[in-house]
Every structure is written in structure tokens, then in C-alpha cells.
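**Student:** Listed in order, the protein sequences are those of chains G and P. The first sequence begins at 1 in my numbering and counts up by one. The second sequence begins at 1 in my numbering and counts up by one.
If you are wondering where the hints come from, they were derived from the structure by calculation, not from laboratory data. Take the hints with a grain of salt, since some may be wrong.
Unchecked claim - Straight-line C-alpha distance at most 25 Å; calculated SDA-like pairs for lysine to any residue:
(1) P:Lys444 - G:Tyr25
(2) P:Lys187 - G:Val3
(3) P:Lys235 - G:Met1
(4) P:Lys184 - G:Leu29
(5) P:Lys436 - G:Tyr25
(6) P:Lys235 - G:Leu19
(7) P:Lys184 - G:Leu21
(8) P:Lys444 - G:Met1
(9) P:Lys235 - G:Gly18
(10) P:Lys235 - G:Val3
Claimed, not checked - Covered by chain P, according to a simulated footprint, are these stretches of chain G (three or more residues, beta-carbon under 8 Å):
(11) 4-13
(12) 23-29
Quick reminder that beta carbons are idealized off the backbone N, C-alpha and C, glycines included.
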Amino acid sequence: MEVSGWFLLVTSWALILGLFLFCLYRIILKKEIK
Amino acid sequence: MIKKRDSWGSRLGIIMAVAGSAIGLGNFLRFPAKAAANGGGAFMIPYFVSFLLLGIPLMWVEWTLGRYGGGYEHGTAPGIFHSLWRKNRFIKYFGVIGIFGPLVIFIYYIYIESWTLAYSFFAISGKYSGFSDLAGMKGFLLGFQGLEKNQYFNGLQTAYLFFLVTFLLNIVVIYYGIKGGIEKLCKFAMPLLFIFALILMFRVFTLGAPDTLKPDWNVLNGFGFLWNADFSALKSAKIWLEAAGQIFFTLSVGIGVILTYASYLSKGDDIVLSGLTAASTNSFAEVILGASIIIPAAFVFFGPVDMQSIANSGIFNLGFVTMPLVLNKLPLSEFMGFCWFFLLFLAGITSSVSLAQPAVAFLEDEFNITRKKAAATFGLIAFFLCQPVIFFLGRGVLNELDFWGGTFFLVVFATIEVILFAWVFGMERAWDEIHKGADMRVPKIYKFIIKYVTPLFLFLILGMWLKQEWLPIILMKEVASADRPFVFGTRLGLLFIFLILAILVKIAWRRRGNLGKGLNGS
Chain G
1 MEVSGWFLLV TSWALILGLF LFCLYRIILK KEIK
Chain P
1 MIKKRDSWGS RLGIIMAVAG SAIGLGNFLR FPAKAAANGG GAFMIPYFVS FLLLGIPLMW
61 VEWTLGRYGG GYEHGTAPGI FHSLWRKNRF IKYFGVIGIF GPLVIFIYYI YIESWTLAYS
121 FFAISGKYSG FSDLAGMKGF LLGFQGLEKN QYFNGLQTAY LFFLVTFLLN IVVIYYGIKG
181 GIEKLCKFAM PLLFIFALIL MFRVFTLGAP DTLKPDWNVL NGFGFLWNAD FSALKSAKIW
241 LEAAGQIFFT LSVGIGVILT YASYLSKGDD IVLSGLTAAS TNSFAEVILG ASIIIPAAFV
301 FFGPVDMQSI ANSGIFNLGF VTMPLVLNKL PLSEFMGFCW FFLLFLAGIT SSVSLAQPAV
361 AFLEDEFNIT RKKAAATFGL IAFFLCQPVI FFLGRGVLNE LDFWGGTFFL VVFATIEVIL
421 FAWVFGMERA WDEIHKGADM RVPKIYKFII KYVTPLFLFL ILGMWLKQEW LPIILMKEVA
481 SADRPFVFGT RLGLLFIFLI LAILVKIAWR RRGNLGKGLN GS
């Protein structure tokens with residue numbers, strides 16, 4: 001795999017995992033709706 | 001008597017259901033194929049731009065419109081649009097697209113979903129375990145689909161049996177309602193889907209270079225095939241349109257499904273964080289799991305030369321021909337094959353029940369009939385509508401339904417939604433509505449994006465389509481002459497369905513008007 005491939009894979013994974021974990025973290029902080 | 005509307009049992013329930021609706025066959029088949037064919041890793045640049053400027057704003061718009069309409073006892077676009085713009089008598093008819101689109105997608109999607117159930121069974125029972133070449137596996141698929149009679153299948157009987165089972169499963173889930181059916185299904189199916197995807201991803205990561213004579217055919221180069229960037233591709237408008245199209249498909253925006261799901265929320269329920277969580281769960285399933293299975297695995301066994309044609313061979317070939325062959329070459333091939341196809345089945349059923357929901361909610365909300373009767377009515381009509389897809393599969397019917405229901409009207413519907421939301425309802429009111437009960441604030445820049453950037457982006461997509469493709473599609477230039485009567489018949493059928501839905505909207509509003517007069521008079 002070339003450097004560009006590594007760069008885009010790691011950046012994309014980091015952005016999506018970051019957003020996903022941020023959402024989970026915020027949800028865990030809040031109570032359920034009902 | 002006005003009956004009480006159904007509701008979600010928990011926040012986790014609606015997040016799982018919306019994520020389940022979004023995570024479909026496209027996450028595991030369409031995305032990796034599109035990325036590989038459109039600049040590899042460079043595809044992620046327009047993908048993320050579309051995600052931020054198109055997907056996320058439209059997702060928030062749909063969640064907000066849905067919850068707003070639910071407050072007026074409307075779960076589908078005709079009623080929701082009418083609630084937004086009461087002075088306009090015609091706006092409810094534009095909302096017909098929000099029932100028509102998911103219904104049309106449902107009638108072909110469920111048949112493809114039934115193939116995944118059938119192949120799960122074939123995998124675990126070893127029915128295709130003897131195949132080692134593309135021609136054999138392709139023959140097996142064509143025989144199963146009834147497109148040719150061969151030594152594997154003598155007709156459509158097996159495919160039809162699995163269609164019946166899949167169809168019945170869907171109707172049963174819908175019959176039990178939002179909390180008792182869809183939420184329960186998604187709470188069970190989504191974790192299982194992730195487990196299967198992680199098993200397959202782990203197996204792909206540990207493939208190494210199975211053929212010692214071809215050390216370059218290794219898993220790292222497989223990932224390289226997908227992720228190495230061709231930045232020159234970014235100069236082409238095509239890659240930007242493909243990425244925008246993928247965002248539409250993957251997030252299930254512009255269909256009408258999120259409107260309906262969100263209509264079962266209460267006024268004070270958060271939509272900002274829940275919507276973002278569902279969208280990020282979908283992207284996780286697509287970019288991290290979906291992109292790590294089929295393309296790298298196929299590269300390891302077929303090499304860089306054959307991979308070009310495999311990646312461009314269409315999603316059915318990728319999923320039902322290439323992937324079973326790859327898994328056949330691994331230890332525990334029956335179990336791995338089952339994991340792959342059952343993963344696709346779970347992704348499919350959580351999407352198909354969501355596609356059925358707008359039509360069922362329309363019957364329930366606007367005609368005040370019970371869910372059970374609505375589900376049974378929908379089942380009967382949808383069953384009848386599915387038949388042409390099954391019996392005329394090789395005649396272009398499926399492609400035609402996919403183009404109108406699953407592509408063109410998505411963009412049209414999203415454009416109507418965002419204009420109604422930002423320009424008719426008004427951005428200030430819309431902003432307040434988004435934040436009712438919100439667990440986090442939407443970044444202020446999105447006020448500008450939703451009002452100007454997203455509509456412009458959508459007009460650009462529609463404009464490009466009109467410029468490049470509309471004439472050949474309307475004139476059926478790429479359809480074989482023998483198939484043209486079938487494609488034309490499909491178009492007439494679609495027009496008929498649309499007109500029937502528009503008439504039903506007219507009848508529903510007339511009944512509602514008469515009911516209102518009756519109540520006022522009494």
C-alpha cells in the first residue's frame with residue numbers, strides 16, 4: 001500500500017471512529033428519553 | 001374514534017432502527033465497488049464533503065420534519081408537508097413522493113434480500129462449496145434467478161420459496177408495529193450484524209498472502225487497491241456525483257423513511273445527537289467494516305489484473321459470485337459464507353421494514369385504520385407489485401425501478417424537503433425546532449449550509465443529470481430493443497402507482513375535511 005493509501009485510510013477511520021465515539025460518549029452522559 | 005399513535009420504546013431503539021434502515025447491502029457492496037472504481041482513497045474526499053454538506057444536513061432536516069409532523073398525527077410526507085405550508089393546497093401532492101419512493105424500492109429490494117437468505121442457507125448446507133471458478137458460480141446465480149435452466153436449478157421455484165419466506169418475515173415485523181416489531185428486530189439484528197462483520201473483517205486481516213508463489217497478492221496490497229489515491233480523478237465531475245449519490249443511498253435520506261421513523265418521537269425528544277449517532281454508525285459500518293471485507297479479500301485470491309474487472313462487474317457479481325468463491329477457499333468456508341450472506345440479510349431486512357413503514361403509516365394516520373389492517377393491506381398490494389420484478393428480472397424491470405424509485409426521486413424529494421424546511425417554514429423557526437429537547441447544539445455554520453449550500457448542491461446534481469443523462473434514459477437508448485416493452489410497461493405501472501397514491505391523498509384530505517365539519521357542527 002502506498003503512502004497516500006495509508007494516509008487516507010488512517011484519516012478516514014480516525015474521523016469516523018472519532019465521530020462515532022463522540023456520539024456514544026454524549027449519549028452515555030444523557031439519560032434515556034423515557 | 002382517533003386512535004393513539006405508536007411510539008418508540010427507547011432512544012437506543014430509534015437509533016438502531018434508523019441505523020438499520022441506513023445500513024443495507026450498499027454499505028458492504030456498493031461503497032467498496034464505487035470507491036475502487038472512482039479514484040480509490042481519493043473518493044473519500046468528495047465522500048466526506050458530501051457527508052458534511054448533504055448527508056448530515058438532510059438527515060437533521062428529515063428528523064426535524066418527521067418529529068414536527070408527528071406532533072400533528074402525520075407520519076408521512078403529504079401530511080408533514082401540509083402541516084408546514086397550510087396555505088398551499090398542492091404541497092401535499094409533492095409529499096406523495098415520500099410514500100411512492102420507499103414503496104418502489106421495497107418491491108425490488110425485498111427480492112434481492114431474499115437471495116441473501118437463500119444463499120445463507122446454501123452456504124451452511126454446502127450447496128455451492130464445490131465451485132472454484134467464476135463461470136461456475138455465475139451459472140449457479142443465473143440458475144437460481146431463473147435466468148437460465150442448468151444443472152443447479154430447473155426454474156424459479158427455490159428463489160420464489162425464499163422470496164415468500166422473506167416477504168412473510170417482513171410483514172410479520174411490520175404487523176407488530178414500531179415498538180413491538182421494528183424496534184425489537186433492530187435491537188437484535190444490529191448487534192448480530194456487527195458481530196458477523198467483525199468476524200469477516202478479522203478473517204480478511206489475517207489472510208496474509210495465501211499463495212506463496214504470488215507474494216504480491218497479499219492483504220495489504222488488497223487494502224492498497226481500495227485506498228491508494230488517484231488524485232487526478234478529483235478533477236472529474238463524475239467522482240463528485242458518485243460520492244453524493246453514495247451519501248444519499250447510504251444515509252437513507254431523500255426516501256421518506258426517516259420522516260416516518262422520527263414521527264413516532266415526542267416533542268421533547270432529542271433529534272440532533274440521535275440523528276448524528278445513527279449517521280456515524282452507518283458510516284462506521286460502511287467505511288471501516290464494509291471497505292475491509294470484499295475488495296481486500298477478492299484481491300488476495302484474484303490479483304490486481306482480474307480485480308479491475310471484478311470491481312466493475314456490478315454489486316450482484318461482487319456479492320453473489322466473487323465473495324462466495326473467495327470464502328470457498330478458506331477453512332470453515334461454510335460458516336464464513338453463512339456469516340457473509342446472513343450479514344447481508346440482516347442489513348437487508350432492517351432496511352426493507354423501514355421502506356414498508358411510510359405506506360403503512362399513511363394508511364394508519366390518514367385513513368385511521370388499525371396497524372394490523374394497514375399491514376395486511378400493504379402486504380397484499382406489495383405482494384402483487386413484487387411479481388414483475390421476479391418474473392421479468394432479466395428484462396430491465398429492476399433497473400428501471402431502481403432508477404426512478406431509488407435514484408431520481410431521492411434527489412427530487414430531498415430538494416423539496418430542504419426548500420420547504422429552510423425557505424417556507426423559515427430558517428429561524430426551523431433552527432428552534434431542531435433544538436427542541438436537543439442534547440447538543442448544531443454548529444451555527446449549518447444554518448448557512450442548510451439554507452444555501454445543500455439546496456445548491458442538490459440543484460447541481462439535478463442539473464448535471466439533466467445535462468448528461470436524461471435524454472438517453474427517457475428514450476431508453478441503453479435498453480435492448482427486446483426489453484423496451486417491459487421497461488415501458490414498468491414506467492406505466494409506476495405512473496399508475498403514483499396516481500393512485502395522489503388520489504388516496506385527495507380522498508384522505510376530503511374525509512379529514514368532512515370529519516372536521518362534522519365535529520364543528522356537533
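**Student:** Now tell me if each hint is right for this structure.
**Tutor:** Going down the list of hints, with the structure as the test:
Among the hinted pairs, lysine 444 (chain P) with tyrosine 25 (chain G) is consistent with the structure: their alpha-carbon atoms are about 22 Å apart, no more than 25 Å. About 39 Å separates the Cα atoms of lysine 187 (chain P) and valine 3 (chain G), which puts this hinted pair outside 25 Å; it is violated. Distance restraint check for lysine 235 (chain P) and methionine 1 (chain G): the Cα-Cα separation of roughly 23 Å lies within the 25 Å cut-off, and the hinted pair is therefore satisfied. Distance hint between lysine 184 (chain P) and leucine 29 (chain G) is fulfilled; the C-alpha atoms sit about 24 Å from each other, no more than 25 Å.
The suggested pairing of lysine 436 (chain P) with tyrosine 25 (chain G) holds, with an alpha-carbon distance near 21 Å, which does not exceed 25 Å. Between lysine 235 (chain P) and leucine 19 (chain G), the direct Cα distance comes to roughly 28 Å. Violation of the 25 Å bound is thereby established for this hinted pair. This hinted pair checks out: lysine 184 (chain P) and leucine 21 (chain G) have alpha carbons roughly 24 Å apart, not beyond 25 Å. At roughly 39 Å between alpha-carbon atoms, lysine 444 (chain P) and methionine 1 (chain G) are farther apart than 25 Å, so this suggested pair is violated.
Distance restraint check for lysine 235 (chain P) and glycine 18 (chain G): the Cα-Cα separation of roughly 29 Å exceeds the 25 Å cut-off, and the hinted pair is therefore not satisfied. This hinted pair checks out: lysine 235 (chain P) and valine 3 (chain G) have alpha carbons roughly 21 Å apart, not beyond 25 Å. Three residues within the 8 Å Cβ limit are the bar, and the stretch 4-13 of chain G against chain P gives 9, so the coverage statement holds. Residues of the stretch 23-29 of chain G lying with their CB closer than 8 Å to a CB of chain P number 4, which satisfies the three-residue condition for coverage.
The structure does not agree with the numbered hints 2, 6, 8, 9 stated previously, though it agrees with the rest.
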